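In order, the protein sequence lines correspond to chains A and B. What the first sequence shows, in our numbering, is residues 20 to 452, in sequence order. What the second sequence shows, in our numbering, is residues 20 to 452, in sequence order.
Since the hints were derived computationally from the structure, they do not count as laboratory data. If you're wondering where the values come from, they're calculated on a predicted model, not measured in any experiment. Some clues are possibly wrong.
One copy or two, it doesn't matter: identical chains are merged, so the pair holds either way.
To be verified - Below, in silico cross-link-like pairs of lysine to any residue (SDA-like), each with a Cα-Cα straight-line distance of 20 Å or less:
| id | residue 1 | residue 2 |
| --- | --- | --- |
| 1 | K222 | A342 |
| 2 | K222 | A30 |
| 3 | K222 | P425 |
| 4 | K222 | L37 |
There are 2 protein chains.
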Amino acid sequence: MKRVSWSSLDASERVQALRRPAQQASADTRTAVATLIEEVRARGDVAVRELTERFDQVSMDALAVTDAECAAAATALTPALRDAIDEAAGRIEAFHREGMTREYAMDTAPGVRCERVLRPIARVGLYVPAGSAPLPSTALMLGVPARLAGCRDVVLCTPPRPDGSADPTVLYAAMRCGVRQVFKVGGVQAIAAMAFGTASVPKCDKLFGPGNGYVTEAKRQVSMVEGGAAIDMPAGPSEVLVIADAGANPAFVAADLLSQAEHGPDSQVLLLSDDAALIDAVAEQLERQLAMLSRAGVARRALESSRLIQVDTLQQAFDISNAYAPEHLILALRDARAWLSQVEAAGSVFLGDWAPEALGDYCSGTNHVLPTSGAARYVGGLNVASFQVAITVQEVSRDGIAAIGPCAVELATAEGLDAHRLAVALRLDEVAA
Amino acid sequence: MKRVSWSSLDASERVQALRRPAQQASADTRTAVATLIEEVRARGDVAVRELTERFDQVSMDALAVTDAECAAAATALTPALRDAIDEAAGRIEAFHREGMTREYAMDTAPGVRCERVLRPIARVGLYVPAGSAPLPSTALMLGVPARLAGCRDVVLCTPPRPDGSADPTVLYAAMRCGVRQVFKVGGVQAIAAMAFGTASVPKCDKLFGPGNGYVTEAKRQVSMVEGGAAIDMPAGPSEVLVIADAGANPAFVAADLLSQAEHGPDSQVLLLSDDAALIDAVAEQLERQLAMLSRAGVARRALESSRLIQVDTLQQAFDISNAYAPEHLILALRDARAWLSQVEAAGSVFLGDWAPEALGDYCSGTNHVLPTSGAARYVGGLNVASFQVAITVQEVSRDGIAAIGPCAVELATAEGLDAHRLAVALRLDEVAA
């Protein structure tokens, strides 16, 4: 892991130190993904089955998970795992429910009632990857807010296992969220099927969830096409930035860095500290803990493009962090709470020594689908509002238009929009008559 | 305007009847826009000045509007127009303030405090077009929520007039919203300048506002590029759908259809009614009112791709409207309020005979930047949250991790993520010790 001292870097070295690994799909990937999407769009389930055979090495008959499979999933899990899923779902639901957008109404003038009403997005598609391992936590993070929003059709796609079944942990988590339409389809074919619909898979208005580079590129492409689907947010590799002071626990900090690094070789982890000894100790701990990890190879590759950065002051660390806008920000500081006000852009923040990022991934209650690649500068993580549309409403009486109509006439005149003016003026005439 | 009876249409004719005019930019447009963006990105202000000379036929020295120009703008307006802008700004501010997202905090378990905090997007860019006419109302619709959000840098670009000045109405509206950085730059060059920054124009994190096809394509392109800027929402031509019953006022309905049609030749307006006589009367009123409009040519072209649709029942009209997901939905119904619950997807809804869509454009208080092209199925209009990021926070004590740590360990184990498990387990060991 490269170690640098921020003050010793010139401007271009600083840019370089915070540069994320290149993320845009290659031209080859783009073309390949476009071809796959077109196949699914043109030939529906037939293409989905062919691609599943090609990429998942399994020949599928029915793509939909049956009720019997769902029932069997619950019994396949240990009670401890079922309890853990239930417990996590409960806290995620509590936190998300409390943050729900509210409807409201107010009179902006006598006789002019303006409102915001909320509606669930009718048809949503959730993607739960299962590349290196199944991700029941992702099913919860997508399924809980979809249920709170009240979406009518909630579709979930997850890759089949070699025997053609779906992972029971993912199924159990999906059921826990009330998801009834689960399909054993993965990768680009899943995204295309949900975006355009097939005989089996319903067409969805908006797609959610993480995935590998192909899935991410597929989501990008279907969101660009007329008749495609919207997507939750621009996705990129996972990342964490830790700001630690001299009092931080080096083993904890190293563990937090590694838990991000193990996500993938393109994950990026950054440590910023004003204490050289702490950085030394973390570097030592990284090596020690790497030896204990099953995914050490992946983590080691991620660490190659990561940085240990020594700063002069903690304020400097916050300036760097705000410029970088990390997905996860851990404040391993003695007075983390007081420093929170300095955070301008981050997906989710973890305060103090006892808040590892892994808690947010699973069960603190916050969502783990968060903005990556610096998108935290302009967008927040997934929440119930991501599954809803807000509609504004105005109800106007005769008194109402008499009160505000002249204002509209004046502005329409200034903008040279005759018909706008006329639509108001006709009514004002009628009210005056 | 084409007139159809919904029941007499087969499935493909129904699709055709609701088809929007093609909206994706041509390959030529895309290439042209990409070239212009690249010029601005590479050569900054020099390119902006050249393009301004080419497209706006004016040679600009300073691009920034001076304080003196702002001061002069206020006095250039009639008192009535100043008052109208102030009045509209007041109601827009009141409605948007009431709908602001709130911060919240809760304990999801003993010792686990989860929160949502809000931060303004630091640097936002507002685009206010001035093609056929200046649009001070757009300056209000963008500037008011940006101010409420507390954005640090609010940049506004608007095309220069032939004499090199900015429209005083737009300037006055911008000042009313506290916007201090106004640039006389329009079109693709404005979008590129705000996305990438030039010596004069600050680089922005997110761009807002409507524009012609070139501006829309430029926004799309800069939002796709690493190092570019986010954008408010997918933009398309304006549209209105009116559902009217036998009791509706045909002159009002026709005026509302025309006030959308005059926006541009690609605007789309739809009337749905269960009453043939009302449709006849509206058709007659359309012809009569067209004769009174300065922009009759534009409106007439828009009407060519628009429809008068006779439905069997009002419920059928709502089914059609929900499938279409119009930007503006006018319910010219005797019991409009009761029908609101049937609306699943629309940008903004206008209830009853006295709520012309023009009121929403200017001064009811709601925002007029709304989802077009069916995007109302998955996104709402502009609001203060569009200018903010929500950050989740978790603060965990020793008791907190003792309470929820085992749940995270169980799930990390199920997902095969060792380092995640370890980050929690190390702390649990320490707590237990």
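Do the hints match the structure? See the list:
Taking the closest pair of Cα atoms, K222 and A342 come within 20 Å of each other only across two copies (13 Å); inside a single copy the shortest separation is 39 Å, beyond that limit. When the C-alpha separation of K222 and A30 is checked against a cutoff of 20 Å, the pair qualifies only between copies, where the shortest distance is 17 Å, while the shortest distance within a copy is 48 Å. For the identical chains of this complex, K222 and P425 are neighbours neither inside a copy (46 Å) nor across copies (39 Å), given an alpha-carbon limit of 20 Å. Only between protomers do K222 and L37 lie at most 20 Å apart by alpha-carbon distance; the minimum there is 18 Å, versus 40 Å within a single protomer.
Of the numbered hints stated above, the single one contradicted by the structure is hint 3.
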